[in-house]
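S.K.: Spelled out, the chains give:
Protein chains: 2
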Amino acid sequence: MKRAVVLLSGGLDSATTAAVARERGFELTAVSVDYGQRHRVELEAAARVAAHLGIADHRTVAVDLRTIGGSALTAGIEVPKGGADAAPEAEGSSIPVTYVPARNTVFLSIALGFAEVLGAFDLFIGANAVDYSGYPDCRPAFLEAFERLANLATKAAVEGRGRYQFHAPLLHATKAEIVRTAHRLGVDLGLTVSCYDPAPDGAACGACDSCRLRRQGFATAGRPDPTRYAAGP
Amino acid sequence: MKRAVVLLSGGLDSATTAAVARERGFELTAVSVDYGQRHRVELEAAARVAAHLGIADHRTVAVDLRTIGGSALTAGIEVPKGGADAAPEAEGSSIPVTYVPARNTVFLSIALGFAEVLGAFDLFIGANAVDYSGYPDCRPAFLEAFERLANLATKAAVEGRGRYQFHAPLLHATKAEIVRTAHRLGVDLGLTVSCYDPAPDGAACGACDSCRLRRQGFATAGRPDPTRYAAGP
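As you go down the protein sequences, you meet chains G and P in turn. All residue numbers for the first sequence refer to our numbering, where the first residue is 1 and numbers rise by one. All residue numbers for the second sequence refer to our numbering, where the first residue is 1 and numbers rise by one.
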């Protein structure tokens with residue numbers, strides 16, 4: 001069995017991505033990143049999802065992106081609520097204030113380090129260019145550039161032991177398609193947390209961009225939404 | 001004055017790089033990374049160097065690369081001593097066991113996040129392809145690939161507010177040339193720490209690859225070596 005590294009945030013997309021990787025026959029190591037995120041309950045969700053998917057090897061790396069700041073998820077910036085019309089994006093920008101500077105670059109770097117140590121050359125990430133087209137580091141061009149970098153950056157690649165491949169199986173999927181894929185693969189999405197601003201008990205706010213996309217995804221897919229919302233759905 | 005971000009490890013190369021960036025007229029933010037390195041005294045050295053160079057803005061980010069391991073600098077692997085003949089490199093590899101998987105990729109990602117938040121588009125790194133040609137992530141091709149990535153990964157670049165440039169002014173310099181440059185720019189190299197395996201009091205071992213290169217650098221440059229060695233030089 002070939003080993004692969006999957007970035008597991010505890011959200012819907014990464015849980016489904018892990019299930020896809022498992023279906024493709026990879027033995028998985030899940031990597032979560034504790035980056036000082038506002039929605040830390042997702043780290044507990046990541047552990048639940050790893051156990052649910054039978055991923056025995058789950059590692060969490062701490063990197064304090066609060067030191068960098070610059071995002072509604074890591075600094076004292078309010079998470080926008082109430083939909084696209086009301087979303088207070090950064091002035092003159094179409095990219096949401098929940099964008100975290102260089103986040104996926106940092107995450108993929110850490111995943112790459114793990115892959116090299118484990119002798120894995122396949123990496124899975126739940127990046128999605130449809131619903132989050134506002135995030136530059138979720139685009140195909142970004143992932144291709146990172147793959148190119150990884151094959152220059154590492155001893156394992158330079159010495160010809162393998163070629164790193166970055167898989168983003170949900171890159172072009174809608175949220176509804178992701179919900180359907182998860183259902184087909186038997187993923188219990190009730191274990192996942194997508195909310196950017198959950199209540200202390202982990203209940204989803206139901207109003208942030210991430211909650212709205214998730215809720216619409218279940219509705220469009222015609223599947224019951226297992227999310228526990230702080231405000232009624 | 002244009003702002004730039006400089007990665008400051010506390011070693012000879014990054015201190016000299018910072019001085020070069022200052023000479024080129026940049027207002028600097030220094031970024032150090034506490035990655036669980038064996039040679040943690042270098043973080044204290046970084047603070048001393050920042051103060052010495054008049055860099056008021058010095059930030060340290062914690063990312064625990066010990067969780068990843070795989071290097072003599074972060075895991076329980078012995079640091080080789082005694083020179084090239086005796087250096088126990090990884091089996092079948094010409095890259096030293098002090099190579100840290102994906103280290104410069106992680107460091108540059110973090111520096112990129114800072115640069116974006118600060119509105120800086122110039123980043124300086126003390127990478128050197130001459131003495132450390134064994135490290136794949138110190139090569140020009142790596143830095144070029146990272147620059148390309150950075151301009152795809154970030155909101156600031158995608159929205160056209162600027163183009164990230166990565167400067168490695170010492171990339172093709174020998175250690176002796178770096179020592180001379182530092183001297184010309186008034187850098188007190190006695191404040192820097194290069195040793196991979198220093199004594200608890202911070203004294204350099206004098207025998208690891210990094211100590212040997214540094215010592216040779218001073219000798220070739222014809223400059224007194226201000227390093228405090230545990231074993232006499």
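Source of the hints: derived by calculation from the structure; they are not laboratory data. We treat Cβ as the ideally placed atom computed from N, Cα and C, and that holds for glycine. A hint or two may mislead.
Some but not every residue of chain P turned toward chain G, in silico, with C-beta under 7 Å [what the hints assert, rightly or not]:
1) Arg59
2) Asp64
3) Tyr99
4) Gly113
5) Phe114
6) Ala145
7) Lys155
8) Phe218
Covered stretches of chain G (in silico footprint by chain P; criterion: 3 or more residues with CB under 8 Å from a CB of chain P, positions within the stretch not fixed) [unchecked claim]:
9) 6–19
10) 66–80
11) 153–163
12) 176–183
S.K.: Evaluate each hint against the coordinates.
M.R.: Results for each hint:
no.: 1; hint: Arg59; verdict: holds (6 Å)
no.: 2; hint: Asp64; verdict: holds (5 Å)
no.: 3; hint: Tyr99; verdict: holds (6 Å)
no.: 4; hint: Gly113; verdict: holds (4 Å)
no.: 5; hint: Phe114; verdict: holds (5 Å)
no.: 6; hint: Ala145; verdict: holds (4 Å)
no.: 7; hint: Lys155; verdict: holds (5 Å)
no.: 8; hint: Phe218; verdict: violated (29 Å)
no.: 9; hint: 6–19; verdict: violated (count 0)
no.: 10; hint: 66–80; verdict: holds (count 4)
no.: 11; hint: 153–163; verdict: holds (count 6)
no.: 12; hint: 176–183; verdict: violated (count 0)
Violated hints, listed in ascending order, are 8, 9 and 12; each of the other numbered hints is respected by the structure.
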